[in-house]
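Undergrad: Chain by chain, the residues run as shown.
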Amino acid sequence: MNIIESLSSYFSYTFVRYALIAGVLIALCAALLGVSLVLKRYSMIGDGLSHVAFGAIAVAAVCGTAPMTVALPVTIAAAILLLGLNSSTKIKGDAAIAMISVGTLALGYLLLNVFSTSSNVSGDVCTTLFGSTSILTLSKTDVILCLALTAVVILVFILFYNRIFAVTFDEAFACATGTNTKAYNTLIAVVTAVVIVLAMNLVGALLISALIIFPALSAMRLFKSFRSVIISSAIISVACAVAGIFIAILYGTPVGSTIVAADIVSFIFCFIAGKIAKKS
Amino acid sequence: MALINVSGVSLGYEGKAIVTDLNFSVGKGDYLCIVGENGSGKSTLMKTLLGQKSVVAGKIEFGDGLRQNEIGYLPQQTEVQKDFPASVKEIILSGCLNGCGIKPFYSKAQKKQAADIMKRLGITDLSDKCYRELSGGQQQRVLLARALCATKKLLILDEPVAGLDPVVTKNLYHLITEINKEGITVIMVSHDIHAAIEFASHILHIGNKPLFFGTKEDYKNSDGCHCFICDGGCDE
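As given, the protein sequences belong to chains A and B, one line each in that order.
For the first sequence, position 85 matches number 85 in the numbering used here, and the numbering has no gaps at all.
For the second sequence, position 199 matches number 199 in the numbering used here, and the numbering has no gaps at all.
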């Protein structure tokens, strides 16, 4: 009873409601995309892109512009670049990703340190990396932007669902039968970039990959068709985000890492359930 | 008019030709087997026929109303597919995608077509099974069904029996022959020269230069055949 009362008192604050709305939407997008990324072996691209987004936000902070306006185009450009590098043979994909992600992380921190006007640089950096409080400081515009971008991501996903499946399962066949695989790979990369920039508010740059990868992997332990994996991954992701936000509010833990912790717990649960289901 | 007409074609990477002056044609209802050693350009030729690579020189023409995206293709299995969570139905339906145009979803007619093809290949009862839990032979049947969804005219098969045991291999060859007899032209890339001689109607043997193209009867009497078979450790 006590918990419910204190929760409902928290919900009289708009910033808590905003946090919950944004959290659910971001978790939903991340899960939808995560299945495709994990299956295409692109998990590390997601990780690399989040570091690029960190670098971009550092640049925005130094220039004093709104973080989104810099981070969104820069991350999208990096996504297209990484995908191109992944298919070229000059620099192998994983090395290219490692190079870009570490490079932008270092440059971002360097910029923040040299040019920052804030008195608490390490606090700022920590917030950007682990998203400790930024989800609770969202403005109405942030939430509307989040809603709009989520709507676009979900619409793209539903409209291109069959094509995304074909490109994910077998690129060679899809290409041979006239599907423009390059265009759809680029589409997936661009949407990933959008989701990552969105998710920075929720869990911070370093923890985004968890949001993308864990629900997909959990769902894959239990379900056997692409559609059921996508749907259950979305449900798991949203449930973990809600649980994480509630726990974070009630016990004062950092939002991002609490959500990821919930994702880890759900993965362990699904892993065991999957093993049991296989035996019986 | 032949289904595919290849005249004076050179194939290769970055302008460097590995196969030169290739001439052959595939007629409606033919069963062409492309054989040759590793690195002889078999897969390059196949990729070119599928429109994924352009020719270095020469011309490939499609006849009989065949369009580039109407070729049913059975690729070799990839690493990604081994633990892919997808039902058989979802995979087979994805073969219908080239008939969708700009429509985002499959039509009722396409779903029926997929169901008919599953019935014909005897995999209807696998429909809701998970692809990664099937045996190798069942997986190839599923991929063959998907290829059939994509075409009514031409199938291109890339080493379809790689990694299968002898019994399953034989069944798959018979299935392909049956499909061919129903009027679908088959082009198969293969290492298996014996099966090629047994099942195909035409043989294309490529090496550094085109060694042989013709019917299998002619091929059996040619020098290239004897050479290749003996290399394979056979005393024919």
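No lab work stands behind these hints, which were simulated from the structure alone.
Be a bit skeptical, because a hint or two may be false.
As the list claims (entries may be wrong) - Here chain A is said to cover these stretches of chain B; the calculated rule only asks that three of the stretch's residues, wherever they fall, bring their Cβ under 8 Å from a Cβ of chain A:
id	region
1	29-35
2	99-112
To be verified - Which chain B residues stay away from chain A? Per the calculated CB distances, all over 12 Å, these:
id	residue
3	5
4	69
5	77
6	79
7	123
8	128
9	133
10	150
11	166
12	195
13	216
Glycine included, every Cβ here is placed at the ideal spot set by N, Cα and C.
Undergrad: So, for every hint listed, does it hold in this structure?
TA: We went through each hint and held it up to the structure:
Here the region 29-35 of chain B counts 0 residues with a CB under 8 Å from a CB of chain A, which misses the bar of 3, and the coverage is violated. Remark: the region 99-112 of chain B is confirmed as covered by chain A, as 4 of its residues place a Cβ nearer than 8 Å to a Cβ of that chain, reaching the required three. Listed as outside the interface, residue 5 (chain B) is consistent with that label: its C-beta sits roughly 20 Å from the nearest C-beta of chain A, beyond the 12 Å cut-off. Residue 69 (chain B), annotated as away from the interface, has a beta carbon of chain A within 12 Å; the closest lies near 3 Å.
A beta-carbon of chain A comes within 12 Å of the beta-carbon of residue 77 (chain B); the shortest separation is about 9 Å. For residue 79 (chain B), the condition that its CB be more than 12 Å from all CB atoms of chain A is violated, with the nearest at approximately 8 Å. For residue 123 (chain B), the requirement that its beta carbon stay farther than 12 Å from each beta carbon of chain A is met, with the minimum near 16 Å. For residue 128 (chain B), the condition that its CB be more than 12 Å from all CB atoms of chain A is violated, with the nearest at approximately 7 Å.
With 12 Å as the threshold on Cβ separation, the claim that residue 133 (chain B) sits away from chain A is violated: the shortest Cβ distance comes to roughly 7 Å. Distance check for residue 150 (chain B) against chain A: the nearest CB is about 5 Å away, which does not clear 12 Å, and the non-interface claim fails. With a closest Cβ-Cβ approach of about 26 Å to chain A, residue 166 (chain B) is found to remain outside the 12 Å limit, as its non-interface label requires. Listed as outside the interface, residue 195 (chain B) is consistent with that label: its C-beta sits roughly 23 Å from the nearest C-beta of chain A, beyond the 12 Å cut-off.
At the 12 Å boundary, the C-beta of residue 216 (chain B) stays outside the reach of chain A, the nearest C-beta of that chain being 26 Å off.
The structure fails to meet hints 1, 4, 5, 6, 8, 9, 10 from the earlier list, while all remaining hints are met.
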